[in-house]
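Protein chains in written order, with the working numbering: chain S, 1 to 304; chain D, 1 to 446.
It should be emphasised that the hints constitute simulated quantities derived from the structure, not laboratory data. Among the hints, erroneous ones may be present.
Unchecked claim - With the C-beta cut set under 8 Å, the calculated list includes, among others, these residues of chain D facing chain S: (1) ARG70; (2) ALA72; (3) LEU74; (4) ASP76; (5) SER83; (6) LYS249; (7) GLN257; (8) THR418; (9) LYS420.
As the list claims (entries may be wrong) - Simulated DEER-style distance windows between Cβ atoms: (10) S:GLY58 to D:GLN256: 32 to 40 Å; (11) D:PRO443 to S:ILE292: 34 to 42 Å; (12) S:GLY58 to D:HIS386: 47 to 55 Å; (13) D:ASP241 to S:LEU285: 36 to 44 Å; (14) S:TYR209 to D:TYR69: 54 to 62 Å; (15) D:ASP121 to S:MET287: 27 to 35 Å; (16) D:HIS386 to S:MET284: 55 to 63 Å; (17) S:GLY154 to D:GLN256: 38 to 46 Å; (18) S:TYR293 to D:GLN432: 57 to 65 Å.
Even for Gly, the Cβ is constructed at its ideal location relative to N, Cα and C.
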Amino acid sequence: MAKSDGNADVPAQAYMPSDEYRFAWLFVVPALLLSLSVVAFPVGATILLSLTDWSGLGSPRFVGLSNFAALFAEPRFWTAAGNNLIYTTTFVTVPMIIALVAAALLMLIKIGRTFYQVVFFLPVTIATIILAQVWRGMIYSPVTGIVAWLQGLGLNVGNPLADPSTALFGVMLVDIWHWWGYLTVIYFAAFRQVDVSLIEAAFVDGASYSAAFRYILLPMIRPTIFFMILMTVIWSFRVFDWIYILTEGGPGFSSEVLGTIAYKTAFQQMSVGRASAYSLVMSMLGMLAIGIYLRVQYKAEKQA
Amino acid sequence: MVASKLTRRSVLAGGSAAIGLATTRAHAAPKRVVWWYEGATAAQQAALDKFLVKPFNTSQSEYELAIEYRGAALSDQLLVALSAGSGPDIVLTNGPAWTQRLVINKRLMPLDQFAKQFEWDKRIVPFMLNMGTYDGSLYAIAKTSETQVLYYNETLFKKNDWQPPTDLAAFEALSDKMLKQGITPLAAGNAGTRFANRHYVGASFSCCAGPDNVFKALSGKLPWNDQVFVDSIQLLKNWWDKGYFGGQKYFALSMQQAFSLMAAGKSGMALQGSWAFQWVDDTFKKTGQDLNWTPIPKLSAQAPYPVFPLGIGADLAINASSQVAEGAARVINALLDHKFIIAMSELWGGEWDSPLVSPPAPGDKLDRVTALAVKLNYETTSALQHKTYGYAPWTFWPARTDDYMKGGMEEVWLGQITAKQFCDKVNEIFQQDLKDGLVKTLPDRA
């Protein structure tokens, strides 16, 4: 049942005369139509195309579930799905922790907060292609990058993108570097909304900063953390750009994710029907991950 | 009778209207001919503007050529636009495999009428015309004929008294000598250009398995997992293991960066395409060392020598929905002009080599590098006429097989699969493509 924020036990429609409520849904129609036209049509088209052998041109031919059967039998699909899982798991943990610690440290300093926030936030404002080229050419490159310089010093350092066992982690490092600052600024803003008197009272009672962080700050910004985790799950599950620019899914197929396979299948193999099946499975897995997370979160909140 | 109703006034009115219409036509804005091109540097765009766009637009008043630079995602954009029945007038496809898809789905216009009008049927090499012909109609003209050769740093070779290798034994002996001196034998890299992997597959298939075997396999008469192809891939694996490609640096260098290492004498040779001439200004001209090329060595007893693996990097076609087909055909015709080809060779080598029956001959006035590029273009045409050509994957293999080769070859190099497993997979995908009618029927080699 829908509930208002202000009075949780009173149904929303109780605030409205019954005549007005009868027509209230009409006000939702424009936004609903807009949303449906943007979301429902592509989703419907993707579902239908996944059941065809459409090449992107000409008429699609119905092939039933054979696209799904083919992709489940494809080892590359499982490699990519596994990589998606690693990517998402890493992103809901590593940058989250870094950002929370950084935001908490920012709370401790009085001078230079704005400067640090600008510096942390900066990578998010720069185009992915530029950042990826900077990392590939100026950091990872064994010819022109920091890796080359370290090798010159005699250190046994290699380009992580060139090794199939580290390529995915090499990409994740760049993405995490670009992402954690954004989270930091968000968490810092959330921390600043916490009532200062609560923290001061804790300090008066002899609490340490780490105790105040754990028992006051963290619980108070839980909705923000929850929201950012949810968004991170969604964003990281559909990762494409960083992988495609930095490794194109290689070496071999070691850093392939579902997004890059779907793209290559559609535009390089001209198998749009098969690519739609990939996209659909990617969406289903993403929704499953979100569903599991929401369930766990719901249980945790209920217990709390 | 209509004549009996004519009056002085109506005649005058009709005359005025005719004059007005003629005047309007005389001053009508030229019709735009749109060509979506891939990415190009500012200098390259300026060269196209100087040698194609401006001369074309000033030579007549009916059409105005407009080139839009769409970057690396051109093929994606074309697929979406053509699928929707729109897109540019001049369609630059990724080569025959792509063109065939577009022809099957009726997105391109037959060019037979223009072929007669501009005598393309007499001026273009028959093999290349054949590659653009589907069901008896011409649909595409090869924008440039490409080939692969063994480039080498001539300054480095002279200094060490090395000779360009002509067979496998000489190539491997020389490569081993280079390795001992700390020089990477092959300037190679695929960062950002992963398609480079199948350059080596194509070169090895053509010069190790031999072009006759490749022809049989492309015609469905020999499987891709035949031992001759497995041996070709195993050869590349052996070279990788010996360090000929530079080890993991291969994944960190772009093709051009690798080429610059050869210009600096850190690599000795490069198995590269004719397009590599466009990198000379930024590499060899800067280091002051000399570049030269030789045909790819004979890599097995069964392969002939020399073999020039032939490629068509891009096809030029006209959109079926174009309203200015005549103008588009005139632009395509302008690309076949000797003056244009030579001018572009000097500024943008290796990308504007139309496959003409009579290509521009290397001239005395050309600088050394341009002369090398023109000579290579000449040799490519000659290879077609003398049947000493091989097959480049990006031109003759259908899209799915071609795409698999990019990642599959890396898996072989990294030891994740064997040469046999790679060939099995290539064969599996290719046979399905062949069954689906996606493989171009090739001109006979006899």
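To see whether the hints hold, each was checked on the structure:
| no. | hint | result |
| --- | --- | --- |
| 1 | ARG70 | 14 Å, violated |
| 2 | ALA72 | 10 Å, violated |
| 3 | LEU74 | 11 Å, violated |
| 4 | ASP76 | 5 Å, holds |
| 5 | SER83 | 5 Å, holds |
| 6 | LYS249 | 5 Å, holds |
| 7 | GLN257 | 6 Å, holds |
| 8 | THR418 | 13 Å, violated |
| 9 | LYS420 | 16 Å, violated |
| 10 | S:GLY58 to D:GLN256: 32 to 40 Å | 37 Å, holds |
| 11 | D:PRO443 to S:ILE292: 34 to 42 Å | 58 Å, violated |
| 12 | S:GLY58 to D:HIS386: 47 to 55 Å | 39 Å, violated |
| 13 | D:ASP241 to S:LEU285: 36 to 44 Å | 38 Å, holds |
| 14 | S:TYR209 to D:TYR69: 54 to 62 Å | 56 Å, holds |
| 15 | D:ASP121 to S:MET287: 27 to 35 Å | 57 Å, violated |
| 16 | D:HIS386 to S:MET284: 55 to 63 Å | 57 Å, holds |
| 17 | S:GLY154 to D:GLN256: 38 to 46 Å | 29 Å, violated |
| 18 | S:TYR293 to D:GLN432: 57 to 65 Å | 39 Å, violated |
Hint compliance for this structure: hints 1, 2, 3, 8, 9, 11, 12, 15, 17, 18 are not met, and every other hint is.
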